[in-house]
Amino acid sequence: MGETKKVILRVKRQAGPKHAPRWEEFALNWRPAMNVIICLRDIAENPVTRDGKKTTPVTYESNCLEEVCGSCAMLINGKARMACSALVDSLPQPIRLEPLSKFPVVRDLAVDRSFMFESLKRVKAWIPIDGTYDLGEGPRMAPETQEQAYPLSRCISCGNCLEVCPQVNENNAFVGAAIISQVRLFNMHPTGAMHARERLEALMGPGGIADCANAQNCVKACPKEIPLTESIAEMNRQAWKQALLGWLFG
Amino acid sequence: MSAAATRPDRSYLLRKLHSLSGIVPVGAFLAEHFWSNSYALVGVAKYNEKSQELQTIPFRVIVEAAVIWLPILYHGGYGVYIWLKGKSNVSDYPWVGNWLYTLQRYTGLVAFAFIGWHVWTERFLTQGKSTYSDVEHALRNPYYLAFYVIGVLASSFHLGVGIWNFLCKWGLAATVQAQRAAGKLGATVGFVFSLVGILIVVSFRLNWHPFGHFVTLK
Ligand code: SF4
Ligand code: FES
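Just so you know, the sequences run in chain order A and B.
Going by the working numbering, the residue at position 61 of the first sequence is 61; the numbering climbs one at a time, nothing skipped.
Just so we're on the same page, the working numbering is the position in the second sequence counted from 1, plus 1000.
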C-alpha cells in the first residue's frame, strides 16, 4: 500500500497581540474535498508539528463554513481569501496561512475587525425603525431598487476588500470599500434614506470616500462579488453633489 | 431632520481639488502646450510666430502662475502626500488597476521632475523668450533628448490614467460598462499624447516639418 498523501501547511502563529510571530509547519493526511478550515480542525485534533513537536491548536475564526458569515478571512498563500471556500486541491503546497495584515492580531489567525464595525456605526449603517410610538409601515421599495440593493446586502464584513486596498494602512484611516457600499445600500432604502445626508456627510469626513484612489482591488477580492467600484463611483457622485449644493444653497 | 448645510472635511475638499486640478487646468494646459508646440511640425517661422503670440499675452506672469505653475505645484505636492499615505501592494495583487495605481505615482513624480527642469530651462533661462532654435539646440544633447522623451511619455501616461481615475472618482463613469469606456478613453488620450509628443521631439531633432508644404503652397 502506498504512503498516504500529505497536505503541508505553514502557519504564521502569534500567541497574543503583543507577541512576536513565528512559523509552524504541519503535515496532515489528505482527504477528498478538504478545505483550509478542515486542515485547521485536523490540527486542533492532533496539534503536532511536522517534525513531531507538540504544540497548541491554531486559533482561527469560522462559523458558517459556506462563505456567508465572513469570519474566516485570512491570507492563504499571500492572498486574502475565505478559508472555508479555499479547497486544498486547488492550492499549491506548502499552503501558507497568515492572519489578515490590516487588522490587529488577537491570536494566530484570528484578527480584530472592530475598525469595520466602528466605521459602520460612523456612517449609520442601519435603518431606523424604532420610535417611542409605533411608526407604522414604511414606504414600499420598487422592485428595480430591490434588485440593485440585494447584491449590496450580501456583504459579510469579511474585510478582504480592506486587506487588499493600498489605501487602507497604518498611515491612513480609510474606511474601505465595504462601508461605502453599505452607505449606498442604506441610502437606497426608502426608510434608510431619511439619514442619507448624514451618511454622506460621514463619508466626506476624515478617512472617507475621498481616500479611495481607484486601484480597484476591492472588487477583485470580494468573495460575494459585490459591485464595489460601482458603489464607490455612485457614492462619490452623490457626495460631491451634496457638498456643492450645500455650499451653493446652504 | 433639519436641512443643515453639509460640511465636508477639509481633506475631502483638498483631495477633490487635487483630482480636479489634474484635469483642469493642468491636463488642459498640457493639451494646449502639445498643440502649440506641434507648430514645429509646420515650420520654424510658424513655430516662432506661435511662440511669440503666447509670449506676449496680457498679464502674462499672473496667467502663468494661476493657470500653470500654482496648479502644477499643488497637484504635484499634494500628489506626493497622497502617495506617502498609500502603500502599494502590486507584488501581492498584480491586477491591472493596481498596476495603474502604482505607475500613476511613479509617472507623476517623473513628470513633475521633468516639468520643473523644462520650465526652468525653457521658460526662465530664456527669460520667457524661448524660440525654435533654443529647443532645437537643447535637443542636440542626447541626455536632454532622452529626458524629453521620458518626460513626454510619463506626462501622457499620467494624464491618460488620470482621466480614467477622474471619471471614476467623480462618479461620471459609475457602471462597469461606463468605467470600461472611461478606461478606453484614457488609453486613447495617453496614446495620442505620447505620439504627438514624440513627433514634436523628432521634428526638432531632425528639423523635420512634414506639414510645411502647406505653408509654401500659397
Ligand atoms: S464588500 Fe465584499 S470583501 Fe468587502 S467586507 Fe463585504 S463581502 Fe467582504
Ligand atoms: S466560515 Fe463563514 S465565511 Fe467562512
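Hints may contain errors.
Pulled from the structure, derived: some chain A residues nowhere near chain B, Cβ distances all over 12 Å [to be verified]:
id : residue
1  : Gly16
2  : Glu25
3  : Gly52
4  : Lys54
5  : Lys79
6  : Thr132
7  : Tyr133
8  : Glu163
9  : Asn214
10 : Ala215
11 : Glu230
Dumping the calculated SDA-like pairs for lysine to any residue here, alpha-carbon to alpha-carbon at most 25 Å [what the hints assert, rightly or not]:
id : chain 1 : residue 1 : chain 2 : residue 2
12 : B       : Lys1085   : A       : Lys224
13 : A       : Lys224    : B       : Lys1046
14 : B       : Lys1046   : B       : Leu1125
FYI, nobody ran anything at the bench for these hints, they're computed from the structure.
Even glycine gets a Cβ: it sits at the ideal position worked out from N, Cα and C.
Determine whether the non-interface label on Glu163 (chain A) survives the test: each CB of chain B must be over 12 Å from its CB.
Answer for Glu163 (chain A): violated, closest chain B Cβ roughly 9 Å.
Least C-beta distance between Asn214 (chain A) and chain B, which was stated to exceed 12 Å | Violated: least Cβ distance 5 Å, not greater than 12 Å.
Status of the stated non-contact between Glu25 (chain A) and chain B (beta carbon gap over 12 Å): Given a closest Cβ separation of 22 Å, the condition holds.
Taking the closest pair, is the beta carbon of Ala215 (chain A) still more than 12 Å from chain B? With a cut-off of 12 Å, Ala215 (chain A) comes too close to chain B, as the shortest Cβ separation is near 4 Å.
*Per the stated criterion, does the least C-beta distance between Lys54 (chain A) and chain B lie above 12 Å, as a non-interface residue requires?*
33 Å, holds
Given hint Leu1125 (chain B) paired with Lys1046 (chain B) - CA-CA distance at most 25 Å = 23 Å, holds
Is the nearest CB of chain B more than 12 Å from the CB of Glu230 (chain A)? 6 Å, violated
Gly16 (chain A) non-interfacial with respect to chain B [C-beta, more than 12 Å]:
25 Å, holds
Check: Can we confirm that no CB of chain B comes within 12 Å of the CB of Tyr133 (chain A)?
Finding: With a cut-off of 12 Å, Tyr133 (chain A) remains clear of chain B, as the shortest Cβ separation is near 18 Å.
Open item on the list: Verify this label for me: Lys79 (chain A) is non-interface relative to chain B, using a Cβ-Cβ cutoff of 12 Å.
Closed with: 7 Å, violated
Worksheet item: Hey, Lys224 (chain A) versus Lys1046 (chain B), does the alpha-carbon distance stay inside 25 Å?
Response: 60 Å, violated
* **Interface-negative label, Thr132 (chain A) against chain B, beta-carbon threshold 12 Å** => Check passes; 17 Å lies beyond 12 Å.
Checked against the numbered hints listed earlier, the structure breaks hints 5, 8, 9, 10, 11, 12, 13; every other hint is satisfied.
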